[in-house]
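Novice: Sequence:
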Amino acid sequence: VKEAYYNYKDLENRIGSSSLQLEYNRVYLDAVEAKFRSGLASAKEVLEAQLLLNEAEVQYEQVKSNLYLAYIKLLAATGRLSMEGFTLEAPESQGSLGTPGS
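Okay, so the sequence shown: first residue is 1 according to the numbering used here, each after it adds one.
FYI, nobody ran anything at the bench for these hints, they're computed from the structure. Note that the structure is predicted; figures quoted are calculated from it, not measured. A hint or two may mislead.
[Stated by the list, open to error] Distance windows between CB atoms, simulated: (1) 1 / 24: 31 to 37 angstroms; (2) 5 / 42: 44 to 50 angstroms; (3) 82 / 15: 20 to 26 angstroms; (4) 83 / 51: 38 to 44 angstroms; (5) 62 / 33: 21 to 27 angstroms; (6) 77 / 34: 46 to 52 angstroms.
Beta carbons: idealized from backbone N, C-alpha and C, even for Gly.
Produce the complete structure using the sequences and hints provided.
Specialist: Here's what the structure looks like:
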């Protein structure tokens, strides 16, 4: 239980720092794009800023996913995870456009 708790708390802290990094990279991209429009930055610099933002978005989503999993593990470790209300059913067959029954 202790390990599950500390893992959850660690990820809770990391989601905050990951969120800050994501916001920083958004602001940075905006600044580089403004410099580009003014002729003070190259297209390469804009692409690099976009890449940094994309990497931060991926990192944030990974940490968020890990946080959800850690929460589930914490619930399981403390005996508070209930399967009540969960059903395991095969998904409906989907047509070529990805809509049910088409």
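Novice: Starting from the hint list further up, note which numbers the structure goes against and sort them upward.
Specialist: Per hint list: zero violations.
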